[in-house]
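Using the sequences provided together with the hints, build the complete structure.
Line by line, the protein sequences give chains F and H.
All letters in the first sequence, in the order written, are residues -11 to 268 by the numbering used here.
All letters in the second sequence, in the order written, are residues 15 to 208 by the numbering used here.
Derived from the structure by calculation, the hints contain no laboratory data.
Note that the structure is a prediction, hence the values are computed from the model and not measured.
Hints are supplied without guarantee of correctness; some may be wrong.
Here are the simulated BS3-like pairs of lysine-lysine, each with C-alpha atoms no more than 25 angstroms apart in a straight line [to be verified]:
| # | chain 1 | residue 1 | chain 2 | residue 2 |
| --- | --- | --- | --- | --- |
| 1 | H | Lys200 | F | Lys25 |
| 2 | F | Lys156 | F | Lys127 |
| 3 | F | Lys213 | H | Lys200 |
Pairwise CB distance ranges, derived in the manner of DEER restraints [stated by the list, open to error]:
| # | chain 1 | residue 1 | chain 2 | residue 2 | range |
| --- | --- | --- | --- | --- | --- |
| 4 | H | Gly132 | F | Lys164 | 25 to 33 angstroms |
| 5 | F | Gly135 | H | Gln130 | 24 to 32 angstroms |
| 6 | H | Met15 | F | Glu165 | 21 to 29 angstroms |
| 7 | H | His183 | F | Thr108 | 40 to 48 angstroms |
| 8 | H | Thr25 | F | Thr118 | 56 to 64 angstroms |
Some residues of chain H that are not near chain F, with every Cβ distance over 12 angstroms (derived) [stated by the list, open to error]:
| # | residue |
| --- | --- |
| 9 | Arg19 |
| 10 | Asp28 |
| 11 | Ile29 |
| 12 | Gln33 |
| 13 | Gly42 |
| 14 | Thr43 |
| 15 | Leu59 |
| 16 | Glu60 |
| 17 | Pro101 |
| 18 | Pro104 |
| 19 | Ala105 |
| 20 | Glu108 |
| 21 | Phe131 |
| 22 | Thr151 |
| 23 | Val156 |
| 24 | Glu196 |
All C-beta atoms, glycine included, are put in the ideal place defined by N, C-alpha and C.
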Amino acid sequence: MRIVHVDQIVETVAKLCWEACYYLPEDVLAGFRRAEKTEASPIGKTILQQLLENADEAKVNHMPYCHDTGMAVVFVEVGQDVHITGGNFLDSIQEGVRTGYREGYLRKSVVGDPLIRVNTGDNTPAVVHTEIVPGDQIKFTVLPKGGGSENMSAMKFLLPGEGMQGVKNFVLQTIKEAGGKACPPVVVGVGIGGSFDKVTSLAKHAVLREIGVHHHEPHIAQLEKELLEEINNTGIGPQGLGGTSTALWVPIETYACHITALPVAVNIQCHAARKKSAVL
Amino acid sequence: MAEYRLKTPLTNEDIQKLQIGDQVLLTGTIYMARDAAHKRMVDLLEANQPLPVDLRNEIIFYAGPCPPKPGQIIGPVAPTTAFRMDPYAPAMYEYGVKGTIGKGPRRDMIKQACKQFGAISFAAIGGLSTILSRRVTAVEVVAYEDLGPEAIRRLEVEDFPLLVAYDAHGQDLYTQEIAKYENFNKNANKEVGI
Chain F
-11 MRIVHVDQIV
-1 ETVAKLCWEA
9 CYYLPEDVLA
19 GFRRAEKTEA
29 SPIGKTILQQ
39 LLENADEAKV
49 NHMPYCHDTG
59 MAVVFVEVGQ
69 DVHITGGNFL
79 DSIQEGVRTG
89 YREGYLRKSV
99 VGDPLIRVNT
109 GDNTPAVVHT
119 EIVPGDQIKF
129 TVLPKGGGSE
139 NMSAMKFLLP
149 GEGMQGVKNF
159 VLQTIKEAGG
169 KACPPVVVGV
179 GIGGSFDKVT
189 SLAKHAVLRE
199 IGVHHHEPHI
209 AQLEKELLEE
219 INNTGIGPQG
229 LGGTSTALWV
239 PIETYACHIT
249 ALPVAVNIQC
259 HAARKKSAVL
Chain H
15 MAEYRLKTPL
25 TNEDIQKLQI
35 GDQVLLTGTI
45 YMARDAAHKR
55 MVDLLEANQP
65 LPVDLRNEII
75 FYAGPCPPKP
85 GQIIGPVAPT
95 TAFRMDPYAP
105 AMYEYGVKGT
115 IGKGPRRDMI
125 KQACKQFGAI
135 SFAAIGGLST
145 ILSRRVTAVE
155 VVAYEDLGPE
165 AIRRLEVEDF
175 PLLVAYDAHG
185 QDLYTQEIAK
195 YENFNKNANK
205 EVGI
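If you want it as C-alpha cells, here you go:
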C-alpha cells in the first residue's frame, strides 16, 4: 500500500489546470499544421495560421490560449492500493482547481446554481470522474472544457436497426447544427452503446484520445475515417466561415448495450483542445 | 472583399459601405457585454428605463476576459458565441447599438435586424485570445461589477481585427462561404477521376 497526502493532490491538480490552459498539446498543433496545408478556403487558411500563432504566443508568454478556460473536468484513476491521508480526497481536487485557477490567472466561469446563476468566483466546483483501477498510483487528467462547444453536444437513442448509417446521420446532423458556434476546427468525441449516462461519458472520454490514433477495432476505425471525411465535406470550415477543415479528428468509444437500444452521444471539443495528465 | 481601417464611433456612411467579407481594423472605444449583462439591459429597455451606460452609436463586444496578470492591461480575450445574444440583439440595435462583435453564425432575425436598423454584426476569431488581448490598450469596468467576467467593460482598442459577417444590406458571410466548400473535396476528386 502506498500513502499519498492530499497536499500532493492539491498541488498536482492546480498545476495541471494552468498548464493545460497555457500549452496546447502537440497532437492538436500537428492537427492545425496538417489542416493549414490542405485547407481550400483562403479565410480558413488564415484562421488556422492565426491559431498556430496564438498557440505560440500563449506558450512563450505563459498565458491562456483561449480566454474561456472552461469548467474543469477532472478524470481520476485511483489505484486500489493507494491510501489517501490528510483530508478528504474529493475536497483536495476542488482545492486544486481553486488554487490553479487563481494562481494561473484563469477565468472563473462557473455559476453555483444553474438557475440563480451567481458566479462562484473560484471556478469550483469541478466535475470529477473517479475510477478505481489496479495498482498503487493515481492518474489525474484535467480537461478545461469551454462552453461554446459543450453547448452544441447532443445525445440520442437510435433504433438498433439504424446501425452504422444511423450513427453517421446523427453525428453529421449534430455537427451541421453546431456549425461555427462550436468554434471549429473541432474534435468530435463520439460515444456509442452503454446506457443513458454511460454513452455521454464515452463521448467525453473519446475527446481525451490523442489526435491521429484510431480505435483498435477495425470497423470502428473505419467509421472514424468515414465520419472525418464527411464532416470535412460539410463546408463549415474553421470558425464556420467556410472550408475543408471542420474537424481535426473523430475519436469514437463504444460499450456493450441493451438489446433494445443503440444510444449515441456527440461531445464536441473546440479548437482549444486542452488536456493534461500527471501521475502521482 | 475590401480592407478598411476605421475609427469609432462608426458613422452611417461607414456602415453602409461595409459588405460581408470586408476586413476591418477597428480603433477606438468598444464595450464588452455578454449573456448576463444583456439580460439585464434588455429588461431595462422593455421597462423604458435608461441603461447603466449609454450605448447608442457604440459597438458591443460579446466577451468576458481572463483576469490580467500583474503588468497586463487585460487578460486573454476573444469573442464568445454570438447566437446566444440573438434574443437580445434586435432590441439593442433598435436602441441604437451600431455593431456587435462575436463568433459563429446567427439566426435570420439578426440579418433582418442589421438591415432594418443599419447595423453590422462583425466576426472576430473565437479563441484567438492571446493575440486579441494585445490589441486592447485600456480597460475599465463601467457597470454590473457583480457579474465578474460578465461585467460591462469599456475598452480602448487599436487595429482590432474584424470581419463583416452580417452587413446592413441583409447579406450573410457564413451561408455564402459554407456553400462554396460543401463537398469541395468530393467534387475535386471527381474532377481528377479518383
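Outcome of the hint check:
no.	hint	result
1	H:Lys200 with F:Lys25	holds, 18 angstroms
2	F:Lys156 with F:Lys127	violated, 33 angstroms
3	F:Lys213 with H:Lys200	holds, 15 angstroms
4	H:Gly132 with F:Lys164: 25 to 33 angstroms	holds, 31 angstroms
5	F:Gly135 with H:Gln130: 24 to 32 angstroms	holds, 30 angstroms
6	H:Met15 with F:Glu165: 21 to 29 angstroms	holds, 28 angstroms
7	H:His183 with F:Thr108: 40 to 48 angstroms	holds, 44 angstroms
8	H:Thr25 with F:Thr118: 56 to 64 angstroms	holds, 58 angstroms
9	Arg19	holds, 18 angstroms
10	Asp28	holds, 22 angstroms
11	Ile29	holds, 21 angstroms
12	Gln33	holds, 14 angstroms
13	Gly42	holds, 21 angstroms
14	Thr43	holds, 20 angstroms
15	Leu59	holds, 20 angstroms
16	Glu60	holds, 19 angstroms
17	Pro101	holds, 15 angstroms
18	Pro104	holds, 19 angstroms
19	Ala105	holds, 20 angstroms
20	Glu108	holds, 24 angstroms
21	Phe131	holds, 23 angstroms
22	Thr151	holds, 17 angstroms
23	Val156	holds, 18 angstroms
24	Glu196	violated, 3 angstroms
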